[in-house]
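Put the two chains together into one complex; each comes in its own frame, and the hints tell you how they fit.
These are the residues of each chain, in order.
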Amino acid sequence: MAVLAFESSAHTLGVGIVSDGKVLANVRSMYPITDKGIVPTKVADFHSSHIASSIRRAFRDSGLSIEEIDAIGYTKGPGIGPCLSVGNIAARALALKYGKPVIPVNHSVAHIEITKHIYGFSDPLAVYVSGGNSQILGMEEKPRHYRIYGETLDIGIGNMLDGFARLAGLSPAWGSTVARAAEGGRYISMPYTTKGMDFAFTGLLTYAEKMLSGHSISDVAFSLQETAFSMVCEAAERALLLTGRDSIVLSGGVAQSSRLKEMLSSTCEDHGISFGVAPNEYNADNGAMIALVTEKMLRSGSRFDVASCGVDQKYRIDRVKITW
Amino acid sequence: MVEMLLSEGAEAVVLKERFLDMDAVLKKRNPKRYRIKQLDTQLRLRRTRSEARIMLRLLRGGVRVPRLLSVGKYTILMELIDGVKLSDMQRSGEIPASALRKSAAELARMHNLGVAHGDFTPANIFISGQEVFIIDFGLSSSNAISEEKAIDLLLMKRSIKPEEFSKFISSYNPQGKAAIISKLAEIERKGRYQSRTIDSVA
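As given, the protein sequences belong to chains E and A, one line each in that order.
Under the numbering used here, think of the first position of the first sequence as 1, with each following residue one higher.
Under the numbering used here, think of the first position of the second sequence as 1, with each following residue one higher.
Chain A on its own, in the form it takes in the complex (with noise of 0.2 Å):
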């Protein structure tokens, strides 16, 4: 089988496999040499079974996340998004607002389900047609309490122009917005999200 790394992060690889007569992705925890092996494979294993148990339960909830196929010890074989990345549609110029407003309503499905998705950024956002997908949760946590959800718009917010983010915010609509809003502003206050000025020097 010819597998072709799509992308390297620090806990896996994100490969490009045949499934039947489909293309699929597949997302493997590989060993870290730095870590001892009880840890490793502890740490591997259970962030692998949870990633796969989010997905799911996003899935059932009607989120669109990529299909799973099939889940291993360290493995996740899910199905491939056909699409633009948002990250890549935000190089070539602004983004087009159906894309912010529908994935603005993803997230809000999503903290819905009580799952956060821990980085979501324009990076890890497909649009696929008039479809919008979310991908990768590996940082994502379900019982999520309201601070994390916060997490989740600073990360956006950060991510797009403030034009941008009324737009998208706009169509965020969740259980507890008012809530998940006032925690936002409260992470904001935090100095190490606030603007820095850089001395200057005479």
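One chain only, chain E, in its complex shape (with noise of 0.2 Å):
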């Protein structure tokens, strides 16, 4: 079995193609950002223009040919809107011209899917922290899905961090740039806000903006990922206590974060269970992901109508019936 599937949600357009749960090709090409983040429509202009290459690339690399393809599935949501709409389209065209299932796939579903399926774990406690979304997340049963124990409040982490670098004036205007501005930084105290598994960043956004004027950027940018990521952990370390699971997997685009990852692995290490987290290749979005639960859907019968699968830009995971 072979599938070959799109994701378009955010400033990465991915092409990816997977054979039993092996990934064969994983082509990603991402939007330029500047200073002005992420303007839509000139993102969704970016991902049709890279479409088609993309595609023939990821069939050069994979080695298979479209007949070979068993379905095409492509990243529902969450994300933005004439983002998402590129991938829909070039699966739906794909699958009427060639006669082939198309899938949908929730894409927080599939960043967390790709890691456990990397490291084996069965029920893993999953934190999921990217630029939209932060979330701890457990399979629960009866139907089987997703359970969000808690989440952001507000804003996502990785948005947090980018709005940072950007009142910061650093570029380009990302996480790994803040990480980078934080080396050697000093810690002042910054407002520090979980309510039980739940966290919120805007009011530690708003303070670090602040502190801008009377401290040296290094020093703000260090207290800021250490106040943001110890709330995700603290939150995270509650739900294990509360879940009692054996493993944690950290996914989604923050997940690239070192510190972050030092962080949770050394709290799995305390607590004496496993910690995973993806090579950062399956952390940044991708196709590849998409592709893989396309094929566990695939598998598991799912079978959709062409004409009804669209996108749905606040597609939540907790509404994802799990199949598989």
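It should be emphasised that the hints constitute simulated quantities derived from the structure, not laboratory data.
Be aware that a few hints might be false.
Pairs of lysine to any residue, SDA-like flavour, derived with a Cα cap of 25 Å [stated by the list, open to error]:
#, chain 1, residue 1, chain 2, residue 2
1, E, 195, A, 186
2, A, 37, E, 180
3, E, 100, E, 304
4, A, 190, E, 216
5, A, 190, E, 190
6, E, 142, A, 87
7, A, 157, E, 180
8, A, 37, E, 262
9, A, 183, E, 275
10, E, 195, A, 36
11, E, 195, A, 14
12, E, 142, A, 92
13, A, 37, E, 190
14, E, 97, E, 318
15, A, 37, E, 177
16, E, 195, A, 92
17, E, 195, A, 28
18, A, 28, E, 218
19, A, 157, A, 145
20, E, 195, A, 22
21, A, 102, A, 145
22, E, 261, A, 31
23, A, 161, E, 139
24, A, 161, E, 318
25, E, 195, A, 18
26, E, 321, A, 102
27, A, 37, E, 258
28, A, 157, E, 144
Structure below.
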């Protein structure tokens, strides 16, 4: 069995091919982000102009042809509407032209599933941190779905870090730039907002903005990062103790942070449980993870009418029935 | 001294201890390796102080909470409540109406003192003889606004049966009850608290 899938929920266009759980192609192109952040229609144009060449490259990398593909998947959401539409249209067009089933995939599920797949964990606690999402989750039965134990009450942690980078004039404006700026920084006390297993970031961002006058960027970046990551770790540890699992996976764009990996893996060590975080190419948005879930859905018998396959910008993970 | 671990939470461990000639409970905020030292000590110190202050305020205001025996930098030693958790009662059947009424009365008293519990679930309510005790003020806030009080109700509502909650709410009569109840309805309208329909797969 082999499947082709598209990821286009935000700034990255991904085309993946997976066969029997093995990644054969993972082609990624990223819209160049300037200090203005993401302009949805411009990103959608970028994706449209890159998708044909990305598909050709994915087939070249995999050595497969469209005839050998059993289904075509795409990211249904959550994400940015115009961007999602590019993957959706490509998937439906190919499905109709070649008579293949089309499979809509939840982006958040895919991030978690690929990490589970790499480590072979069956029922981990999932810490999912990206630009727009920050959630602590785990699988629950009847019906089988991901339950959100805790989540951000306002913005995603990645958007908070990107927002800070822009305010501080760091370029390119994203988390890894903040991480570099944080090196050698000293701690300034900042608002630490957790409510049980939930957390919030806007107050922290506003405070960090104020601290930029009177403190070095390095000190502010360091304190912001330490505070935000500690909040996530505390919420994760609380969920771990309440739900009693034997492993944690860290997934999503912000899972590329080496500091966050270090913090969460030390928590796992202290509790004697396993820790899994995928290589960066699978934590950044990518088509391979969408293809992986497409194949799981196809195998478990999920079928969709092409005409009813749309996009949903706010497609929450806890609405997805897990069929495998 | 022999210590016995009663429970382990994300920010504290709870140990059973002997204090003078009585059984006592020690809540201890241990360092967390994931946090840098300055942030870690600051949080543990601030939370221990805030929890002890809130317990003291509740004790003075007549709310049934464990009595404080001694407060250290990162530790609170308190009286051991000898009783049954409401959550254990729940597992073995119905919660008696009297327990619901008394829990609601304690919550109302707490809210009148400006304190929101922050984790008001059956696991933090003890029934000891004819009395009800509220424990664990690690997530509590003083000078609470009506939204925080409404969250206490929401957590309880989501932890017990609808008919049990209607008994509970009829005995919950704090100042400003109407405002808190309407806040509860407002929170429940938010997406994350609505019951979800899981997508069916054809």
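Verification of the hints:
1. E:195 x A:186: Given pair residue 195 (chain E), residue 186 (chain A) holds - Cα atoms ~18 Å apart, limit 25 Å.
2. A:37 x E:180: Holds - the C-alpha atoms of residue 180 (chain E) and residue 37 (chain A) are around 21 Å apart, at most 25 Å.
3. E:100 x E:304: holds (11 Å)
4. A:190 x E:216: violated (39 Å)
5. A:190 x E:190: violated (28 Å)
6. E:142 x A:87: holds (22 Å)
7. A:157 x E:180: violated (46 Å)
8. A:37 x E:262: Given pair residue 37 (chain A), residue 262 (chain E) holds - Cα atoms ~15 Å apart, limit 25 Å.
9. A:183 x E:275: This hinted pair is violated, its Cα atoms lying about 40 Å apart.
10. E:195 x A:36: holds (20 Å)
11. E:195 x A:14: Between residue 195 (chain E) and residue 14 (chain A) the Cα gap is close to 20 Å, so the pair holds against 25 Å.
12. E:142 x A:92: Since the Cα atoms of residue 142 (chain E) and residue 92 (chain A) sit roughly 22 Å apart, the hinted pair holds (cutoff 25 Å).
13. A:37 x E:190: Distance of about 14 Å is within 25 Å: holds.
14. E:97 x E:318: violated (33 Å)
15. A:37 x E:177: holds (24 Å)
16. E:195 x A:92: Violated, at roughly 30 Å.
17. E:195 x A:28: holds (20 Å)
18. A:28 x E:218: Violated, at about 34 Å.
19. A:157 x A:145: holds (19 Å)
20. E:195 x A:22: violated (34 Å)
21. A:102 x A:145: Holds. Residue 102 (chain A) to residue 145 (chain A) sits at ~23 Å (cutoff 25 Å).
22. E:261 x A:31: holds (19 Å)
23. A:161 x E:139: Holds, at about 24 Å.
24. A:161 x E:318: Given pair residue 161 (chain A), residue 318 (chain E) holds - Cα atoms ~23 Å apart, limit 25 Å.
25. E:195 x A:18: violated (32 Å)
26. E:321 x A:102: violated (40 Å)
27. A:37 x E:258: holds (19 Å)
28. A:157 x E:144: holds (24 Å)
The structure is inconsistent with the numbered hints 4, 5, 7, 9, 14, 16, 18, 20, 25, 26, although it conforms to all the rest.
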